[in-house]
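Chains as they are written, first to last, in the numbering used here: chain W, 1 to 321; chain L, 1001 to 1271; chain P, 2001 to 2326.
Hints should not be assumed to be uniformly reliable.
[What the hints assert, rightly or not] The list that follows gives simulated cross-link-like pairs (lysine-lysine, DSSO-like), each with its CA atoms no further than 30 angstroms apart:
1. Lys2069(P) - Lys213(W)
2. Lys7(W) - Lys240(W)
3. Lys232(W) - Lys2242(P)
4. Lys2060(P) - Lys1265(L)
What the hints contain is simulated information worked out from the structure, not anything from laboratory work.
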Amino acid sequence: MFGYFLKRLFSSIPLLIGITFISFILINLAPGSPLNEWADPSLSIEDTQKIKTNLGLNDPVVVQYGRWLKNALKGDLGRSYSYSKPVTAMLKERMPATLLLSISSLILILGITLPLGLISGAKKDSFFDNFVLIFSFIGLSIPTFWLGLMLILGFSLKLNILPTSGFIDPQLSEASLWIQLIDISKHLALPLLTIVIGGLASLTRYHRFGIIKILSQDYILAAKARGISKTKLLFIHAFKNASIPIITILGLSLPGLIGGSFIIEYIFSWPGMGQLGIASIFSRDYPVIMGSIVFSSILIILGNLFADIAYTYADPRIRLK
Amino acid sequence: MKKFKPLSLLSLIFLAGLVFLAIFLPLLSNTDPNTFNPDLIGDALAPSLTNWFGTDDLGRDLFIRTFSGARISILVAVVSVSISISIGLILGLISGFSSKAVDSILMRFVDLMMAIPTIFLILTIQVILTPSIWNVMIVIGLTSWMGVTRIVRAEVLSIREQLFITAAKARGISNTKLLFKHILPHTLPPVIVAATLGMGSAILTESVLSFLGLGVQPPDASWGNMLDNSLGYMRESPWMAIVPGTFITLTVLALNILGDDCRAKFNPKES
Amino acid sequence: MLKVENITTIFKTGQNTVTAVDDVSFDVPENSTIGLVGESGSGKSVTALSILQLLSSNGKTTSGKVLWKDEDLLSSSEKSFQSIRGKEIGLIFQNPLAALNPVFTIGNQLVETLQLHNPKLSKLNALEKAEHLLTEVNIPDAKKRLNDYPHQFSLGMCQRIMIAITIAMNPKLLIADEPTASLDVTIQAQILHLLNELKIKNKMSILLISHDLGVIAQHCDHVLIMYLGKIVESGTPLDIFKSPQHPYTQALIDSIPNPDPSIKKEPTLLKGDIPSPLNIPTGCRFHTRCPKAFDTCEISEPPFQNHLKNSKTSKVACHLFENKPK
Chain W
1 MFGYFLKRLF SSIPLLIGIT FISFILINLA PGSPLNEWAD PSLSIEDTQK IKTNLGLNDP
61 VVVQYGRWLK NALKGDLGRS YSYSKPVTAM LKERMPATLL LSISSLILIL GITLPLGLIS
121 GAKKDSFFDN FVLIFSFIGL SIPTFWLGLM LILGFSLKLN ILPTSGFIDP QLSEASLWIQ
181 LIDISKHLAL PLLTIVIGGL ASLTRYHRFG IIKILSQDYI LAAKARGISK TKLLFIHAFK
241 NASIPIITIL GLSLPGLIGG SFIIEYIFSW PGMGQLGIAS IFSRDYPVIM GSIVFSSILI
301 ILGNLFADIA YTYADPRIRL K
Chain L
1001 MKKFKPLSLL SLIFLAGLVF LAIFLPLLSN TDPNTFNPDL IGDALAPSLT NWFGTDDLGR
1061 DLFIRTFSGA RISILVAVVS VSISISIGLI LGLISGFSSK AVDSILMRFV DLMMAIPTIF
1121 LILTIQVILT PSIWNVMIVI GLTSWMGVTR IVRAEVLSIR EQLFITAAKA RGISNTKLLF
1181 KHILPHTLPP VIVAATLGMG SAILTESVLS FLGLGVQPPD ASWGNMLDNS LGYMRESPWM
1241 AIVPGTFITL TVLALNILGD DCRAKFNPKE S
Chain P
2001 MLKVENITTI FKTGQNTVTA VDDVSFDVPE NSTIGLVGES GSGKSVTALS ILQLLSSNGK
2061 TTSGKVLWKD EDLLSSSEKS FQSIRGKEIG LIFQNPLAAL NPVFTIGNQL VETLQLHNPK
2121 LSKLNALEKA EHLLTEVNIP DAKKRLNDYP HQFSLGMCQR IMIAITIAMN PKLLIADEPT
2181 ASLDVTIQAQ ILHLLNELKI KNKMSILLIS HDLGVIAQHC DHVLIMYLGK IVESGTPLDI
2241 FKSPQHPYTQ ALIDSIPNPD PSIKKEPTLL KGDIPSPLNI PTGCRFHTRC PKAFDTCEIS
2301 EPPFQNHLKN SKTSKVACHL FENKPK
């Protein structure tokens, strides 16, 4: 198992290099130089050229990429143009908020999807099933950023029970840890709800479909013929079989979830990497853009890796090959 | 063939109505969607009998603007999906038909593209290029062909192994004819489904871009930039945010329902 | 022991209703093997599923009785049914690999069944018993293999395991639905031999369902021939093979190939295909393909009666025999 893990880890390195290469080329092929935006406008053309040469901005893009990669492998992602801080330090600062949001949403999504899809699939065509189906269709179709806006409109502007944005009330910096935690959860509630509703829909549909397919298999009939009760059939026999594809789907939907949570972070001013990433796109802060791409790609690749391993572990037919 | 489910029929009617109004309403109406009313600036009107969907902060009628925005959404959906389907079909057929080496290079490339959070890439490209509706369509098309490629390739691979293809080969039918007459038609049903669902996600992506100010530029209306515009007026004039968002949701919902029903029809086992 | 009385099972597909089993009756006495023969679509598997009420959700047994030790199973609650399924009546399937849950070890599936009907059994004792059961169905190295998953066994072994799981609770009746149809010929013989051994050892009865008259003839005490949802002939293997009455039975027997090339026989070839169960012919449902059909056959359904002088066990549903004295 460990050997397989290492092998998969190594095989994702070329993937990561490919992603950064494509992103780097795309960003740097663009007309205009970031220097035009960030340099002091009073600089003479000669001076600008000098700075460019010093920064290596006059080299061919591929050479620039090589230099970037060399530094990146050493853990140096460059300095932000707008904050002149090391990109890695900025990302590190933003990491806790992003991890809090994404991990709690992942747990909630799984915790709701698994029983929901199971009951819906087991009671196919019932009132409950139709309700879940319609709900998931709407969840698939609703633009998450708009859903976020509507939640702000309802819970913050009209009902006035939850804050519109941010991570913690700055006035509480002196308050006890307990009060701070309560305030953070209040700020977390709306972005979390938005991501969960968006992510729930497709996963529930897949799970429901998987359960329906499994319930028509011979081994379920055989287990029933042995006198195994319906509840046990559903929660033990069908459940384990149907969880296997869910793991894969979850891995595959990570890019969407992460991409989606970027926008959500932006809307709720959640001080995570997504907000930083989008802000850096607007300010053409290239090193930070590259850093965000690297980081989200690593998250996606790691997520897929874990999904693969969980899948291999859960399905004996693959594990033992 | 099963009959259309009532929900699909409803979706079809909604989409047809939307297309119809999007084409004709801006032509027939004597209100220009982009001209603002100087008397009403800064004072959006709530929905009423004269302004069914209300007006925005510049006194423009939201009913007209919504359907003027629908034009953009429909255009984006159709053009970007045409681009992504064309790329997906061609690469999928190549991948399914060529040697193992070509196939695996193409598929690695697909894996790579799928691992990038596309919305991030699209945003970056949009900032770099001058934001315009045409760039939006091209960028969405160029970043959403991977799924179609996979579907077409899988379809070609499975059909290639089937007995009726071997039988056709045994009858001496040429490879090109085989491809266009026997294999291509089989890949179409899943491609149609992918196209329907793809239009929905193209509309969603366009709305995100325009919402962030990176898509359709004012004064032209798009559902996304109408939402962007509503941000400052959420508390006093919530209809400015509710109307365009509801239209995005309903349109994408209709496309999803239709796509799902098509899938069930083409693939009776899965319904 | 098991008495099936006039059961009719229908399936609803869209607007159509298919009668898959039509007014079928038979007995399974203690310590006997009853064979149920028919082509695909004849309703033999549905008969088995009707007995245990394991029909898919669009299927329903609309009339008749399934008497198990004089209690009608069709009117018993789902709860009391659960204690009969597996404990008193076991069922094995055509494709053994599909009938075993792929994500649980076979030890796990055996222990589950053992503990289900005997909750006091400890895990350790159950494992011991499971190992014993596997040895009994001739799985070598049983103890080690308890930890293996279904896909690690050959098809023949899977069927043995399925048999082991099914006989775990010593059922009084084993329904075997085409148990050997997906296996190689040499393995078929082994499995049938094993079933016969277990039947004697465990004092149980077997309802053996097959499309292969040859398989049935060797192992059964009594044979039922089914065509389009109805039993058309029944009797001992001797009755059926020595003096087949129904033209359909005759055709079935004729179609058994003889490996001896010196024997040349002209098989009775039936006309056309089996009619769709959606569209069952009027009168005798076999008349569309029957080489001996006459006018009456098209109009009225023949009764199912004894016609043979020298046998009390034989019954047939055919107009050809109606006017002959008993």
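For each hint, the structure was consulted:
no.	hint	verdict
1	Lys2069(P) - Lys213(W)	violated, 36 angstroms
2	Lys7(W) - Lys240(W)	holds, 27 angstroms
3	Lys232(W) - Lys2242(P)	violated, 50 angstroms
4	Lys2060(P) - Lys1265(L)	holds, 27 angstroms
The earlier numbered hints that this structure contradicts are 1 and 3.
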